[in-house]
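Asker: Residues per chain are reported as follows:
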Amino acid sequence: MLEKALIGDRKYWAWVGFLILLIGVGFIFYLRQLDYGLGITGMSRSVTWALYIAQFTFLVGVAASAVMLVLPYYLHDFKTFGKITILGEFLAVASVSMCLAFIIVDLGQPARAFNVLIYPTPSSILFWDMIVLNGYLLLNIVIGWTMLDSEKKSIPAPSWVKPLIYVSIPWAISIHTVTAFIYAGLPGRSFWLTAIMAPRFLGSAFASGPALLILLCFILRKFSRFDAGKESIQALAKIITYALIASIFFVLMEIFTVFYSQIPEHIQHFQYLFFGLRGHYALVPWMWAAVILAAVALILLINPRTRQNETLLGLACASVFISLWIEKGLGLVVTGFIPSPLEKIIEYFPTGPEVAITIGIWALGLLILTVLYKIAAAVKVEEED
Amino acid sequence: MNCSRRSFLKYAGLSLIGMGVKPALAGDEASRFTRSPEELMAKRWAMVINSRKCPGGCKECIDACHRVHNVPNFGNSKDEIKWIWNEPFRDAFPGQEHAYLQEDFKKKPVIVLCNHCDNPPCVRVCPTKATFKRKEDGIVVMDYHRCIGCRFCVAGCPYGARSMNFRDPRSFIKEINPDFPTRTKGVVEKCNFCEERLSRGLLPACVVACREKAMVFGDLESPQSEVRKLLQAHFTIRRKPELGTNPQVYYIV
Chain A
1 MLEKALIGDR
11 KYWAWVGFLI
21 LLIGVGFIFY
31 LRQLDYGLGI
41 TGMSRSVTWA
51 LYIAQFTFLV
61 GVAASAVMLV
71 LPYYLHDFKT
81 FGKITILGEF
91 LAVASVSMCL
101 AFIIVDLGQP
111 ARAFNVLIYP
121 TPSSILFWDM
131 IVLNGYLLLN
141 IVIGWTMLDS
151 EKKSIPAPSW
161 VKPLIYVSIP
171 WAISIHTVTA
181 FIYAGLPGRS
191 FWLTAIMAPR
201 FLGSAFASGP
211 ALLILLCFIL
221 RKFSRFDAGK
231 ESIQALAKII
241 TYALIASIFF
251 VLMEIFTVFY
261 SQIPEHIQHF
271 QYLFFGLRGH
281 YALVPWMWAA
291 VILAAVALIL
301 LINPRTRQNE
311 TLLGLACASV
321 FISLWIEKGL
331 GLVVTGFIPS
341 PLEKIIEYFP
351 TGPEVAITIG
361 IWALGLLILT
371 VLYKIAAAVK
381 VEEED
Chain B
1 MNCSRRSFLK
11 YAGLSLIGMG
21 VKPALAGDEA
31 SRFTRSPEEL
41 MAKRWAMVIN
51 SRKCPGGCKE
61 CIDACHRVHN
71 VPNFGNSKDE
81 IKWIWNEPFR
91 DAFPGQEHAY
101 LQEDFKKKPV
111 IVLCNHCDNP
121 PCVRVCPTKA
131 TFKRKEDGIV
141 VMDYHRCIGC
151 RFCVAGCPYG
161 ARSMNFRDPR
171 SFIKEINPDF
181 PTRTKGVVEK
191 CNFCEERLSR
201 GLLPACVVAC
211 REKAMVFGDL
221 ESPQSEVRKL
231 LQAHFTIRRK
241 PELGTNPQVY
251 YIV
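Quick mapping for you: the protein sequence lines, in order, are chains A and B.
All residue numbers in the first sequence are consecutive under our numbering, ending with 385.
All residue numbers in the second sequence are consecutive under our numbering, ending with 253.
In case anyone wonders, no lab produced these hints; they're calculated from the structure.
Among these hints, one or two may not hold up.
Unchecked claim - Below 20 angstroms or equal to it, Euclidean Cα-Cα: the simulated EDC-like pairs (lysine to aspartate or glutamate) are:
#1 B:LYS240 / A:GLU265
#2 B:LYS185 / B:ASP143
#3 B:LYS108 / A:GLU343
#4 B:LYS185 / B:GLU212
#5 B:LYS78 / A:ASP35
#6 A:LYS344 / B:GLU80
#7 B:LYS106 / A:GLU343
#8 B:LYS78 / A:ASP9
#9 A:LYS344 / B:ASP168
#10 B:LYS53 / B:GLU80
#11 B:LYS78 / A:ASP227
#12 A:LYS11 / A:ASP227
#13 B:LYS107 / A:GLU384
#14 A:LYS344 / B:GLU212
#15 B:LYS185 / A:GLU343
#16 A:LYS344 / B:GLU87
#17 A:LYS83 / A:GLU384
#18 A:LYS152 / A:GLU3
#19 A:LYS4 / A:GLU384
#20 B:LYS59 / B:GLU97
#21 B:LYS174 / B:GLU60
#22 B:LYS240 / A:GLU343
#23 B:LYS174 / B:GLU80
Unchecked claim - Covered stretches of chain A (in silico footprint by chain B; criterion: 3 or more residues with CB under 8 angstroms from a CB of chain B, positions within the stretch not fixed):
#24 44 to 52
#25 70 to 83
#26 86 to 98
#27 186 to 195
#28 272 to 284
#29 333 to 345
Bear in mind the structure is a predicted one, so any value in this text is a computation, not a measurement.
Note that CB positions come from ideal geometry on N, CA and C, so glycine has one too.
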C-alpha cells in the first residue's frame with residue numbers, strides 16, 4: 001500500500017518537501033545540541049525538564065485519544081466511526097513516534113538510551129513508560145495497517161486482529177496514566193503531587209486529540225476526495241464537548257484544593273502560573289489565553305447550533321487544541337520546577353535551537369501522518385468508487 | 001584423526017556453552033576485589049552539621065569538595081554544578097521562618113548537600129539504576145557511565161541536590177584532580193559522601209576542611225560514634241522529613 005504515498009499532485013509534494021526541510025533544519029540543530037550538550041536549550045539547574053518533555057506529555061494525550069474512536073467502533077459497533085477509526089489509529093502512530101523522538105532529544109546521553117533495556121528497573125516509571133509507549137506504537141501500526149489492507153483487498157480482517165484491538169483499548173488509557181505517574185509520584189514537586197493528575201491528563205487528551213482529528217478531517221476533505229461525513233464529525237464533536245467539560249472540571253478541582261487550603265508549597269505554583277510570583281510573570285499571558293480559548297470553545301461546543309456549524313466547529317476545535325497545548329505543552333512541566341525545592345524562581349525561556357529541534361520533530365510527526373493519511377484516504381476513496 | 005563435520009560442530013557448540021558457564025562458576029564477582037585494609041567502614045554513614053559552630057559565609061568546605069571532585073565552574077547559574085553550598089535558612093528549611101526569628105537565622109546561611117536519604121526518591125525513579133544506595137553503608141552513589149541523562153532523579157530529589165552536566169565540564173575545571181574521575185556532558189552528578197576517600201581511610205573532604213569542626217561524620221549505627229553522641233546531646237532537625245525520605249544529614253540549630 002505504501003506506493004499510494006508516492007502518487008500525489010504538486011501541492012502534496014510541496015507540503016512533503018516543506019516538512020522535510022523543517023526536519024532537516026531541526027536535525028542540524030540537533031547535531032549542534034549533541035556537540036554542545038543540553039546547555040544549548042533554555043533549561044537550567046532549576047528547570048531541568050521543559051519544552052521537549054512537555055511536547056512528549058501533550059502528544060501522549062493525542063495518541064491516547066485514538067481510543068475515543070476505537071472503543072465506540074469496535075466495542076459498541078458504532079458504524080459511523082467505521083470510516084475514520086483508521087485516522088485515529090494512524091494519528092496515534094504519528095503522535096507516539098513524536099513522543100519517542102522528544103524523549104531521545106531530551107536525553108543527555110542518547111547513545112546510552114538502551115541502558116533502560118539492559119538494566120531494566122521496574123521501580124522507575126520511565127521504564128514502564130518505555131514499555132507502554134512502544135507497545136502502543138506497535139499495536140496501532142499492526143492494527144491500522146492490517147485493517148486497511150484487508151479493506152483494500154475486500155476481505156474480512158484476520159481473526160487475530162480482534163484480540164489486539166481489545167488490548168489496545170486499555171493500553172491507550174495506560175499510556176497516559178503511566179505518563180501522569182512520572183509526575184504525580186514525586187515527593188518534592190507539589191505542583192504535580194496530585195492524585196487527579198492521571199484523570200486530568202485523560203480528560204484533556206480526549207478533548208485535544210479528537211479536536212485535532214476533526215481539523216484533520218476538514219483538511220482531508222479539502223485536499224483529497226476523502227470525506228469523513230457530517231455524522232462522524234458531529235459524534236466526535238460531542239466527545240470533545242464532554243471531554244473538555246471534564247478537563248475544565250478537573251482543573252477547577254485542583255484550583256479549589258490549592259487555593260482554599262492555602263498550603264504555600266502547593267499554592268505558589270498556581271500563583272506563578274496565573275498571577276505571577278515575586279515579580280515573575282512569563283507564563284501568565286499564556287495561561288489566560290488558554291483560559292479564554294477554553295471558554296470560547298466551551299460556549300461554541302455546548303450550544304448545538306454553533307456545534308453543528310462546521311466553520312464554528314473548526315474554530316472551536318482549534319481553540320481546544322491550542323488551549324490544551326498551552327496547558328500541557330507549556331505550563332504543566334515547567335511550573336513544576338518554579339519555584340524550585342530551594343524556593344528559587346528561575347524562569348525558563350526556550351532558545352532558538354531548542355525551538356528549531358521541537359519544530360523539526362513536529363514536522364517529522366506530520367510527515368508520518370501525511371504519508372499514512374495519504375494511503376488511508378486513497379484506499380477508502382478507491383473502495384467507494 | 002577422524003573428525004566429521006557433525007562432531008566438530010558438536011564440540012564447538014559444547015565449548016561455547018562452556019565459555020558462557022565459566023563466569024558463573026568462577027564465583028562471586030565481589031570476591032575478586034579486595035578492600036583496602038585502611039578503608040573506613042560503617043553500617044550507616046551520616047552527618048551532623050552544627051550550624052551554631054559554622055561561621056556562615058565561609059567557603060572552605062565547599063571549595064575543598066569541589067576541588068577534590070573536579071566540579072567545574074561555568075561562571076553562570078544556568079549550567080551551575082554544585083555538590084555542597086550555602087543556602088539561606090528559610091530556603092533550606094522552607095516554612096520554618098517567621099517574622100521574629102532570631103536575627104542569626106535570617107542572615108546566616110546553612111550548608112546543604114545531598115542528604116543520602118534512607119528512602120531516596122532519586123534511586124526509586126532512576127530508569128537504569130545509575131543511582132543506587134549502597135547496601136553496606138547507605139551512601140547514595142552514582143555510576144556516571146550508566147547515567148543516560150534523563151534527569152528524572154533531578155525532578156525526584158526534593159532538596160535540589162543534583163546537578164546536570166549541561167555542557168562538557170572538563171575545560172571549566174581549574175585544576176584536575178587525577179584521583180577522581182571527571183564527568184562527561186549529559187550526565188547528572190551530586191555529593192557522594194566522599195566514598196572514594198572513605199575507601200582510602202580518609203574522612204570526607206568537607207569535614208576535614210572545616211576549621212570550626214562544624215561538620216561531623218560517622219556511623220549512625222554505632223552508639224559510640226560522635227554523630228550519635230551529638231544527636232543525643234542536641235536537638236537536631238532535618239530537611240523536609242515530612243516527605244518520608246529519611247534524610248541522613250542532621251542539623252544542630
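Asker: For each hint, tell me whether it holds in the structure or not.
Answerer: Evaluated hints:
| no. | hint | in the structure |
| --- | --- | --- |
| 1 | B:LYS240 / A:GLU265 | holds, 12 angstroms |
| 2 | B:LYS185 / B:ASP143 | holds, 14 angstroms |
| 3 | B:LYS108 / A:GLU343 | holds, 17 angstroms |
| 4 | B:LYS185 / B:GLU212 | violated, 36 angstroms |
| 5 | B:LYS78 / A:ASP35 | holds, 18 angstroms |
| 6 | A:LYS344 / B:GLU80 | holds, 14 angstroms |
| 7 | B:LYS106 / A:GLU343 | holds, 15 angstroms |
| 8 | B:LYS78 / A:ASP9 | violated, 49 angstroms |
| 9 | A:LYS344 / B:ASP168 | violated, 25 angstroms |
| 10 | B:LYS53 / B:GLU80 | violated, 28 angstroms |
| 11 | B:LYS78 / A:ASP227 | violated, 51 angstroms |
| 12 | A:LYS11 / A:ASP227 | holds, 19 angstroms |
| 13 | B:LYS107 / A:GLU384 | violated, 78 angstroms |
| 14 | A:LYS344 / B:GLU212 | violated, 29 angstroms |
| 15 | B:LYS185 / A:GLU343 | violated, 27 angstroms |
| 16 | A:LYS344 / B:GLU87 | holds, 11 angstroms |
| 17 | A:LYS83 / A:GLU384 | holds, 11 angstroms |
| 18 | A:LYS152 / A:GLU3 | holds, 13 angstroms |
| 19 | A:LYS4 / A:GLU384 | holds, 16 angstroms |
| 20 | B:LYS59 / B:GLU97 | violated, 24 angstroms |
| 21 | B:LYS174 / B:GLU60 | holds, 16 angstroms |
| 22 | B:LYS240 / A:GLU343 | holds, 13 angstroms |
| 23 | B:LYS174 / B:GLU80 | holds, 15 angstroms |
| 24 | 44 to 52 | holds (count 5) |
| 25 | 70 to 83 | violated (count 0) |
| 26 | 86 to 98 | violated (count 0) |
| 27 | 186 to 195 | holds (count 4) |
| 28 | 272 to 284 | violated (count 0) |
| 29 | 333 to 345 | holds (count 7) |
Violated hints, in rising order: 4, 8, 9, 10, 11, 13, 14, 15, 20, 25, 26 and 28; the structure is consistent with all others.
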